[in-house]
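Can you build the whole structure from these sequences, using the hints too?
All letters in the sequence shown, in the order written, are residues 1 to 122 by the UniProt record's numbering.
Don't read these hints as lab results, they were simulated from the structure.
Predicted model only: the values in this text are computed from it and were never measured.
Heads up, some of the hints might be wrong.
[As the list claims (entries may be wrong)] If you anchor each label on the Cβ, the simulated ranges turn out as follows:
id, residue 1, residue 2, range
1, R9, R117, 36 to 42 Å
2, R9, E115, 37 to 43 Å
3, T109, L84, 17 to 23 Å
4, T116, R9, 36 to 42 Å
5, S20, R92, 25 to 31 Å
Heads up, the beta-carbon is just placed ideally off N, CA and C, and yes, glycines get one too.
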Amino acid sequence: MDLLADYRRATMFFETGDPSGAARLLEPIVAAEPGNAAVRQLLARAYFQSAQLNRAEEHLRELVERDPSDHYAHHVLGRTLERLNRHTDALRHLRIAAAMYATNDDYRTALERVETRLGGTR
1 MDLLADYRRA
11 TMFFETGDPS
21 GAARLLEPIV
31 AAEPGNAAVR
41 QLLARAYFQS
51 AQLNRAEEHL
61 RELVERDPSD
71 HYAHHVLGRT
81 LERLNRHTDA
91 LRHLRIAAAM
101 YATNDDYRTA
111 LERVETRLGG
121 TR
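The structure is reproduced here in structure tokens:
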């Protein structure tokens with residue numbers, strides 16, 4: 001197995017709109033290199049894009065646990081929880097992401113959407 005070639009193919013699949021194909025290629029890479037955050041992040045994004053939200057959550061929680069300062073992982077975890085209709089859980093991660101990267105409009109918009117959904121800024 002050529003992990004680098006498979007990663008590049010998975011990236012191409014993801015970028016061309018085939019997140020399920022990307023996930024199929026990335027799963028064995030994550031199994032072979034569980035500490036590789038870049039591969040795990042792309043797999044989580046592929047799961048998110050293909051609506052495999054529980055799988056995305058699992059990998060995003062692993063990323064956040066390993067690196068609590070990863071604002072992007074917090075943001076995508078928050079978005080995943082939002083899509084799972086777990087807005088209270090999502091709020092925490094979206095707030096963390098927005099606090100770490102206050103100039104990111106996507107982070108702010110997601111946070112405001114969930115706060116509005118919950119009826120304020122709990």
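Against the structure, test the hints numbered earlier, and report the numbers of the ones violated in rising order.
none
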